[in-house]
Structure formats: C-alpha cells, structure tokens
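J.: With the hints as your guide, set chain W onto chain Z.
2 protein chains.
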Amino acid sequence: MYEKIRVIQYGCGKMGRILLRYLYEKGAEIVGAIDTHPDLVGHDAGQVAGLPVRLNVPISDDAEQVFADSDAQVAVIAISSLMDDVYPHLERAARHGVNAITTCEEAFYPWTTSPHITNRLDRLAKDTFCTLCGSGYQDVFWGNLIAVLAGATHQITRIEGLTSYNVEDYGIALAEVHGAGLSLEEFDRQIAQSESLPSFVWNSNEWLCARFGWTIRSMQQELVPTTREEDTPSETLGRTIPAGHATGMTAIVTTETYQGPAIVTQSVGKVYGPDEVDRNEWTIQGEPNTTVTIAQPATEELTCATIVNRIPQLLDAPPGFVTTDKMPIATYRTYPLQFYLL
Amino acid sequence: MYEKIRVIQYGCGKMGRILLRYLYEKGAEIVGAIDTHPDLVGHDAGQVAGLPVRLNVPISDDAEQVFADSDAQVAVIAISSLMDDVYPHLERAARHGVNAITTCEEAFYPWTTSPHITNRLDRLAKDTFCTLCGSGYQDVFWGNLIAVLAGATHQITRIEGLTSYNVEDYGIALAEVHGAGLSLEEFDRQIAQSESLPSFVWNSNEWLCARFGWTIRSMQQELVPTTREEDTPSETLGRTIPAGHATGMTAIVTTETYQGPAIVTQSVGKVYGPDEVDRNEWTIQGEPNTTVTIAQPATEELTCATIVNRIPQLLDAPPGFVTTDKMPIATYRTYPLQFYLL
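Protein chains in written order, with this note's numbering: chain Z, 12 to 353; chain W, 12 to 353.
So that you can see chain Z by itself, here it is in the shape it has in the complex (with noise of 0.2 angstroms):
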C-alpha cells in the first residue's frame, strides 16, 4: 500500500512552477498552492505548471487558509533567497507542524549568517515537532560534490571552488548590486568599500566545515570587479559596458579553520562575454590533489531536483532546523516507487 506525500507548493514563480511539476512526475499529491502574484491567484496550480491535467487546486494569496485547509506533510517553499524575507514562511509552516524544504540559498546554512531567526525555527519546529531545511544546487555542487571527493583524499590543505553565472539571467536588481557596468573607481566606492552582504558561499563554506567537522577560525569575503578587454553588451542593462569597466563581480570568501584545512571559494556573477559559459569548479588540496569540473550546469532544475529528491530524507530528519549537512546525500529516486510512504 502506497500513501501519496502530501505537498504544499509555497510560491509558484520560475522555481515554483519547475517544482509543481516534479513534485507531480514523481507522485506527490499537491494539497495547496501559494502565490501572491495577480497573475496567478487564482488559476490552477496543474496548469501554471504546465502539466498535461488539470490539479483542481487554485493557487491562493492566502497562505494562513491553505495551511489550515489541508493536512499537508511538505511545503516546498520558493519565494526568496535571505532568511529574513523566507522566515515568516517558514514560522508558518512550523507553526502549523509542517516539515518544509526551501530554495533559500542563505537556509543552506544560515547558523551563522542568521542565528537568532534559525534558533527561533528551531526550538519552533521542535515544539511541533516538524523539520525545516534548506536546499537546491548548492547542497550538490557546493557541497556534497566536494564531500564525495573528500572521502577519497588522505589529508586536506585547502579546497578552492569557483562558481560562475551570468548576472543577465536575473534582471536588472541583481545586476546593479553585483556593480556591472561601474567603472573601476566606481565599483571601489560603491561595491568593494560599502558594507555588503555575505554571498552564497559563505554559506556553503560554513557548511562544508560543519559537514567535515571543523571549526572555523576566520572568515572573511573580498569583492572584486570583473572586466573584458572587448565591449559587452547588456541586455539587463540596455547598454553597451564599456572594455575595462566591471561586467560584475567576484566574490571571494575565505575560510580558515582550527583543524588547518583553508577554504576558498570564488563566486563569479557578471555580463558574460561571448565565450563565457556557467562554471562550477572545485580543487581539493592535499593527498592527493583533485580537480572536479561541471560544464554548463543547469542550475534552476538541479535546484528543483535536488529540493524533490530531499523530501524523503527531510520526512526522516529529526524535528528542528536540520541543515542538510546533517542528512545522508540526496538520493535519485526512480519515478515513483519510492516517492510513496509505505
């Protein structure tokens, strides 16, 4: 006897309507559908997604009635990328006991970066005994990539990874704080000397520590303008950036430990060039050394897929925030055996 997961899909954008859809491939059952966005209250969740039939669940601006109309087992919530904007979703769905899984990138490991929200989530979760994580393309290819290649390396030095993607892909906002199109001068004074926030992979640093079990002595982030020797156009910005002004940034954090090994990890987000393509690149120093490279990977359904894959996993998780670090890998899950509860 199979019993469906009973999902509620939590925001219904770009992320949401890719996670609508595996969610429904893979066997879930969708109970509730959330969305404040006009153009989609309303309208079926089936047909936002793009799927073959109809789900006869309309998606709603009322996140508080959808939680008490249904007795859903997951939110998959995908709405932001801070915990301060995603933490009222999450106390919600705790607050009515509903485990949940996020794209949040800074939920990937936010005990640092957010402590007093993320204890709050926990003692919550606890309480109601429900369990909340964060997931999507940085618990592979941040993280569980280079804990797969770690298990086969003797001793560790350092780990540096590179991250790229092309800041025209997001608009306009993302764009302008990565500094593309500043000049040099510029970039320095409104980029690289303003108190900015942490990037991704700080996150994904303090991460990789708590998964390898160290403890971190320093971390420290630098920013630094990208520049082509040619003019890029940007489609983003409506405007040609001139060669030798910043197409965007790089982000480099730095991560020192207690136990010696350094993590160093450089996130690239700027106007590609013609040539340039997404890159995901890690080195483990040490013996041996090792190089690990992804071509071109594609970001937004490794997020949904990875966040899909999860769900067992967070159902077996010990109520609390448990950061996925915490977790086994996530699994691959043939369609839909496995999908169901026994």
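Not one of these hints is a red herring.
A pair holds if it fits inside one copy or across any two, identical chains being indistinguishable in the list.
Taking lysine to any residue pairs in the SDA-like style, the calculated list, with each CA pair at most 20 angstroms apart, reads:
| no. | residue 1 | residue 2 |
| --- | --- | --- |
| 1 | K337 | D327 |
| 2 | K337 | P323 |
| 3 | K25 | E298 |
| 4 | K25 | N177 |
| 5 | K25 | P299 |
| 6 | K15 | Q166 |
| 7 | K137 | D82 |
| 8 | K337 | W122 |
| 9 | K25 | G57 |
| 10 | K25 | Q58 |
| 11 | K137 | P323 |
Just so you know, these hints were derived from the structure itself, not from any lab.
T.: Just chain W now, with coordinates in the frame of chain Z:
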C-alpha cells in the same frame, strides 16, 4: 578515551605501502603485515612504508599465524584484482572473524560476476560476525560521484561514463591483454573475438544499478581497439607502435535496465600519446543533463585514501559481504580524532 583501530595490512606491495602509511598517519594500530615477496618478508612494515618510525611489525609470509597472533579488527587486503584470486585471503579474514576491505576491483560489486564465492563469503562472514567489502577509486569516481549528481536530477534516461588509463603504468602483462601493439586484424582475432573477462566497469555499472534500485535487463561488453595517426613509442613494449595499429583498447560496457535508464561506460586502457592524460568523465542524460570531469585523477592515492576512509563504515556495517552501495558515502576524516573508537 580512545582506542586505536587494530589493522593487519595484507599485501605490502605498491598499494600496500601507501595504505600502511595512510593507516599509520590516521592513527590506526598496525598489528600485522603480510606479504610473500622475498624482498619484503622479515622487514619492518614501518620501514617498508617509508614511515619515520619503526613499527616493530615484521612483514610475515605466514598469514595464518599473523591472524592467530593478533586481535585485529580490520584486514586491508591489497593483493589482486579478481575475486578468484582474493577469495582465500577474504576467506581467511572471515574465518578469523576479522572485518576485511580489499582493493580487489571485482570485489566492488561481485554479486553476479562471482556469485558462488561471494555468497560463500557472505555466509561465512555472517557466521563469524564480521563484514567484508571492496572499495577504492571506483567507489568514488565510478560510483558515488555519479550518485551525488543523480541526487540533483529529476529524470535519468541514460548515464555515460568514460575512464582512461595509461597501460604503460602497469607493466607488460596488462599492455598485452589490452592488445597494445597489435595490428587491427590481430586485435580482432586475438582480443575482440576471444572470450574476455568483464572490464571492471562491468562491476561498477552493476553497483550503480544496485544503488539506484534498478533491475538489469541486459549487460554487454564490446572491445574496440584504440589507434593514433602517429607512431607511439612504448617503454613497456620496448618498441614503437606503428600509426594505425592498436595502442590498446576501449571496453564498452552497456547495461540496460527494466526501469528504463541505460548505463554505457567506456574504459579506455592504452599506451598514451604525448598529449593524452588520465580522464574520468560522466554525463547524466535526462532532466537536466549534467557532465562532470575529473582531470588527471591520482588513482592510486585516491584508492588507498578511500579504503582507509571507509574503515569506520566497514566496522559499522552489519555482518556479511556488504558492498558499498549499501553504505553512506566514504567520509573524509580529520586526523586523528574520528579514527578512534569512542
């Protein structure tokens, strides 16, 4: 309070010496060392391994006596690549109730290539309450590396692997069974048409199917000569391979499953030209596609480190022949804490 894990190093050749050093550096207690090579017998295991200290453990050619004379928890067996050859050594460890892990490539997943002896060992290990398994480079780079990427994948339709090694590194016997130096007509007659042993990626394809819960519908192996357009000097053969002759071969193992996905793995073993290097590349096809490349893996060190990192999981596993598809991923352990029993 800590207790060092007591280990017998069984086989003190090229791999055994690296293993001895890794074991010692990670805090294991070397309680016995076995090898039959006259150059090694009687010599101190620490000296043979190049350690800065004497272990006062002489390498012995009397394996029975070494097992009788210690209360080892683990035997690390680095002797041969095939189950038929490693069987008496695994049997000896199991008969003495000593957990054993071996570099034997076939032992990585021997359930269908050597079912009779694997089941006998499984039965014996359950009777004596110990665990046997095979691990090494393939555990991570043909196994869990793919499993970790699969965990970020929604639907897998096909997995393609390519692994390449230089037969120059492994002596004349290996070069000859790879057909290095033969004309294409000779290759066809002597290699392609002959009854050949399964390539080791046969076993790793089966491991992947076990890991993903897939049932095998068919397994096929094809042997294809590799050639170059230039002459290729070979130190191992002691001559130059003419352009167009076989420099070695590719074993292509195709695994079809009832669940749908196919696994096609190419194992290339040849005399390298000046521009060729070791490779390990895998592509998961489906939604989405993901390609991973490992540049020039240090296969020997990676094998030994994986074996040592697996030991705590070997001790933690239930009795029997437990292939590593049933274990968590091999885990990097920081010197020396986690290597001690609580």
